[in-house]
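Could you put the whole structure together from the sequences, leaning on the hints where they help?
Top to bottom, those sequences are chains Z and C. First residue of the first sequence: 1, per my numbering; consecutive thereafter. First residue of the second sequence: 1, per my numbering; consecutive thereafter.
Hints may contain errors.
As the list claims (entries may be wrong) - Have a look at the derived ranges for each label pair, beta carbon to beta carbon:
id : chain 1 : residue 1 : chain 2 : residue 2 : range
1  : C       : V117      : Z       : G203      : 22 to 32 Å
2  : C       : V117      : Z       : S220      : 16 to 26 Å
3  : C       : M12       : Z       : S32       : 50 to 60 Å
4  : C       : I176      : Z       : R222      : 30 to 40 Å
Simulated from the structure, these hints should not be mistaken for laboratory data. For each residue, glycine too, the CB sits at the ideal point set by N, CA and C.
So you can see what is in the structure, the chains are spelled out below.
Protein chains: 2
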Amino acid sequence: MLFPDRLSVVIMIDRRVYLVLADASLETIPPSLWSDPIIRKHSKKKKKHPKYIILDSLYHGSAIVNSKLEDKEKRGRPDIVHQALLLAQDSELNNAGFLKVYIHTIRGNVIIVKQNVRPPRNYLRFIGLMEQLFELGRVPPRGDPLISISDKSIGDIINSLENRFVVGFSRRGRRISSLKDFLSRIINGYKNLVIVIGAFPHGFFSEEILAIINDLIALSDRPLTTNYVLCRVISALEEILISP
Amino acid sequence: MLFPDRLSVVIMIDRRVYLVLADASLETIPPSLWSDPIIRKHSKKKKKHPKYIILDSLYHGSAIVNSKLEDKEKRGRPDIVHQALLLAQDSELNNAGFLKVYIHTIRGNVIIVKQNVRPPRNYLRFIGLMEQLFELGRVPPRGDPLISISDKSIGDIINSLENRFVVGFSRRGRRISSLKDFLSRIINGYKNLVIVIGAFPHGFFSEEILAIINDLIALSDRPLTTNYVLCRVISALEEILISP
Chain Z
1 MLFPDRLSVV
11 IMIDRRVYLV
21 LADASLETIP
31 PSLWSDPIIR
41 KHSKKKKKHP
51 KYIILDSLYH
61 GSAIVNSKLE
71 DKEKRGRPDI
81 VHQALLLAQD
91 SELNNAGFLK
101 VYIHTIRGNV
111 IIVKQNVRPP
121 RNYLRFIGLM
131 EQLFELGRVP
141 PRGDPLISIS
151 DKSIGDIINS
161 LENRFVVGFS
171 RRGRRISSLK
181 DFLSRIINGY
191 KNLVIVIGAF
201 PHGFFSEEIL
211 AIINDLIALS
221 DRPLTTNYVL
231 CRVISALEEI
241 LISP
Chain C
1 MLFPDRLSVV
11 IMIDRRVYLV
21 LADASLETIP
31 PSLWSDPIIR
41 KHSKKKKKHP
51 KYIILDSLYH
61 GSAIVNSKLE
71 DKEKRGRPDI
81 VHQALLLAQD
91 SELNNAGFLK
101 VYIHTIRGNV
111 IIVKQNVRPP
121 RNYLRFIGLM
131 EQLFELGRVP
141 PRGDPLISIS
151 DKSIGDIINS
161 LENRFVVGFS
171 RRGRRISSLK
181 DFLSRIINGY
191 KNLVIVIGAF
201 PHGFFSEEIL
211 AIINDLIALS
221 DRPLTTNYVL
231 CRVISALEEI
241 LISP
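What follows is the structure, given as structure tokens:
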């Protein structure tokens with residue numbers, strides 16, 4: 001039975017997995033908060049204009065609560081995308097060249113992460129890097145950009161992928177019995193699999209993200225964290241693509 | 001074939017998984033560093049004696065490098081245990097009551113984490129909590145302790161578990177072809193499975209940890225991060241214990 005095995009390996013090699021960390025709670029301080037006393041104090045302490053500071057509920061929690069920002073419950077949690085990015089970039093799935101990560105932010109920016117990027121492991125260093133990214137549009141400032149902000153929308157990027165299937169994960173989705181079997185069937189049928197996982201603490205996907213999703217799936221009846229869902233998805237994909 | 005299925009469920013329910021985050025890079029500033037100028041400056045800024053501050057290479061990196069500390073390459077990375085603890089506590093494995101987490105620190109302390117603990121998601125809040133833990137021996141200071149420092153050694157704790165098998169993960173271990181099959185066999189044969197994963201950035205397990213390990217396993221030829229290994233192990237165990 002050598003032939004079918006070899007064939008299946010050949011088929012798998014041209015498969016690609018795109019991970020969209022969606023509506024990510026990662027943004028600079030929005031203009032409507034710049035005059036807030038807490039923000040002004042923090043800006044002075046950091047010696048940076050608020051437009052160059054990442055919104056973080058640790059420092060800006062009460063400013064967010066007191067504001068008229070939309071979707072308050074989704075904002076100020078850049079730690080979520082930090083941890084998810086570390087797990088994704090560290091994975092064997094990424095190391096084997098199957099994975100491509102996009103961060104879609106709550107304000108609609110799309111951040112492109114190169115396959116070989118090793119994000120700073122320390123949270124404060126990561127925040128510093130993201131501040132540089134939003135200021136310059138790319139990091140590092142010169143040479144090959146490792147992380148950059150795209151001028152395209154997430155819809156444009158995903159819809160340009162041929163022969164794709166887009167799976168979103170949410171408690172509001174339908175329950176499946178086996179994640180591995182479910183993903184196997186998609187990988188057998190489509191060249192490009194897009195995984196969409198929310199990278200915000202509470203709430204639901206934006207309309208922009210819902211518009212790209214083909215199938216909405218739930219792994220549990222209870223709310224799950226971004227990193228836990230990502231962990232399950234990566235493990236299942238590695239079983240399918242790397243150690244079948 | 002209903003009977004064997006039901007039997008297997010009954011058998012699984014009394015199974016328990018213990019996770020040891022081993023030689024964790026989590027400690028207060030060691031006495032030999034207290035007189036270092038960088039440490040003194042940081043201590044002054046934080047208005048805390050160094051003995052109450054968590055060693056962190058972000059702030060104390062050059063003090064660690066210039067010191068005569070043993071195992072320098074393993075120290076000052078509390079972010080590793082933070083992220084692993086979040087992933088473990090958030091997991092369905094923990095939610096279903098199968099998991100018990102111990103943090104064994106590089107200085108040999110054993111930290112006991114209750115099943116219902118939701119660690120602070122923000123890194124700086126986690127560090128604050130760990131500083132309180134090392135100062136008081138428990139958190140919160142009053143009422144039911146959620147996280148506490150044991151007065152037993154990791155050897156005493158693990159060796160007191162009856163009918164146990166202890167698996168360590170390291171690049172120096174032997175490669176296995178399927179993690180799920182490997183763990184299935186242990187769970188079928190033993191009541192208590194102990195998973196040992198290093199929670200330090202570089203180097204190898206201490207003698208104290210090696211002494212409790214029955215089988216040393218490698219998931220890859222390349223070095224893997226703590227959280228990535230944990231992610232793979234949790235996913236495999238959930239497949240075995242929760243959705244067989």
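For this session: With respect to the beta-carbon atoms only, verify the hint that V117(C) and S220(Z) lie 16 to 26 Å apart.
Result: Holds: the Cβ-Cβ distance is about 19 Å, inside 16 to 26 Å.
For this session: Using the beta carbons of M12(C) and S32(Z), state whether their distance is inside 50 to 60 Å or not.
Result: 53 Å, holds
Problem set entry | Outcome for the supplied range 30 to 40 Å, where the beta carbon pair is I176(C) and R222(Z) | 32 Å, holds
Problem set entry | V117(C) paired with G203(Z), Cβ distance criterion 22 to 32 Å | 24 Å, holds
Of the numbered hints listed earlier, not one is contradicted by the structure.
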